[in-house]
Amino acid sequence: MNIFQGKTLSWHVLDGTIELTLDRAPCNEIGRATLSDLEKFIAALPSLQREAHALIISSRRKEGFCAGADLRETYRVAQSLPKDERLAALRDFLERIHHVMNILDEAPLTTIAAVHGVTFGGGFELALACDLIVADKMTRFCFPELRLGLIPGFGGIPRLKRDLGNAVVRDLLLTGRSINAAKAQSVGLASQVVAEGDALRVARSTAAQLKKFDRDTAVAAKKFIKPIPHEALRLEIEIFCDLFMRPAVDAGLRKFVESSDALPYLP
Amino acid sequence: MNSLDKTTDEVLRLAAEHFKVERDQLAPDDDFFKKLGINSLQALDLLTRIEQHFQIELPDYELQGVTDFRTLAQRIQSRL
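Residue numbers (our numbering), protein chains in the order written: chain A, 8 to 274; chain B, 227 to 306.
Any given hint could be a false lead.
Said to hold, decoys possible - Label pairs and their computed distance ranges (CB to CB):
1. Ser193(A) <-> Thr297(B): 25 to 31 Å
2. Glu92(A) <-> His279(B): 48 to 54 Å
3. His279(B) <-> Pro234(A): 54 to 60 Å
4. Glu243(B) <-> Arg154(A): 39 to 45 Å
5. Arg208(A) <-> Lys232(B): 34 to 40 Å
6. Thr297(B) <-> Arg154(A): 19 to 25 Å
7. Gln12(A) <-> Lys246(B): 31 to 37 Å
8. Ala242(B) <-> Phe11(A): 55 to 61 Å
9. Glu236(B) <-> Thr224(A): 37 to 43 Å
10. Lys218(A) <-> Glu248(B): 46 to 52 Å
11. Met252(A) <-> Lys232(B): 37 to 43 Å
12. Ala202(A) <-> Glu248(B): 23 to 29 Å
Claimed, not checked - In silico DSS-like cross-links for lysine-lysine, where the CA-CA straight-line distance does not exceed 27 Å:
13. Lys230(A) <-> Lys246(B)
14. Lys246(B) <-> Lys69(A)
15. Lys246(B) <-> Lys168(A)
16. Lys261(B) <-> Lys69(A)
17. Lys261(B) <-> Lys262(A)
18. Lys219(A) <-> Lys233(A)
19. Lys232(B) <-> Lys69(A)
20. Lys219(A) <-> Lys229(A)
21. Lys260(B) <-> Lys262(A)
22. Lys69(A) <-> Lys260(B)
23. Lys218(A) <-> Lys233(A)
24. Lys233(A) <-> Lys260(B)
FYI, nobody ran anything at the bench for these hints, they're computed from the structure. Please read these numbers as outputs of a predicted model, since none were measured by experiment. Glycine included, C-beta positions come from ideal geometry on N, C-alpha and C.
Pulled out of the complex, with its shape left as it was, chain A reads as follows (with noise of 0.2 Å):
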């Protein structure tokens, strides 16, 4: 299916480049919805990648590319669920959503996050399984996790720990404190950053440049310098259900939910 419309996301193939775009009110929030709908979209990626050689998932909220998990939902689940039964329902959704960021970071095409605004946890971890990270200028990279009793959930520490020196994850990880897109690239993790609202265009141009090269050969290349880190994937799915069902969490994400700020983003 070369075009698709979902509830969170769509789809299309244009010049050889895959366009996802994450459309789902306020700001991205990974919950069941969004899940299912990367899940429709990963299902179709063998038969979408066969013509192109470009993957770029964008945004088209203006508040970012994307918040993080959905907490409201996230809460409202675990408060609905009797205890015993929580924590099969939270390992479940992260293995699902493991599986689905595990092919986009070994999908055999190069894969753009074209950025902007709030991207958050859940989204920032979206954004590292990508190759490359292309930023507008008022984009912000965050994991809050800790603010919540947790940790990135979603593989953002494996992926995080690949691509930077440890100093610098363990800077964003335990202060939780956000980095603009200049910081992001001056320390590797944003290859390009570009004026406010041009992320995507930028992104289409680097497209248009890939796809002056054998596929073949960028394929095996991509294959050759990006290991997936699976073993510590795992154990941070692990790590993450442990730390789920301490009070600390609940706690945390009721705070989150309570809070009168539409969207609650300071520390």
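Fit chain B to the known structure of chain A by using the hints.
Frame of chain A, contents of chain B only:
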């Protein structure tokens, strides 16, 4: 004008420009959340503008409890 006054003035100008209000509608001791009617997401946008303008890095946890422009300017000043 001492440095803090100058920084405060620049912050007020940046905020006025970013949120499209008249500069003289903002005062150093105004609560920027209430005065500008912004949420934390918009505050992050202002933070990015501030970092770009002053060429600094200002961790967002430094903004905890900061609600007025003058105190924000003090935080910025400590990074200059």
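**Request:** Any hints from earlier that this structure breaks? Give me their numbers in increasing order, please.
**Result:** Violated hints: 3, 4, 8, 9, 11, 13, 15, 19 and 24; rest satisfied.
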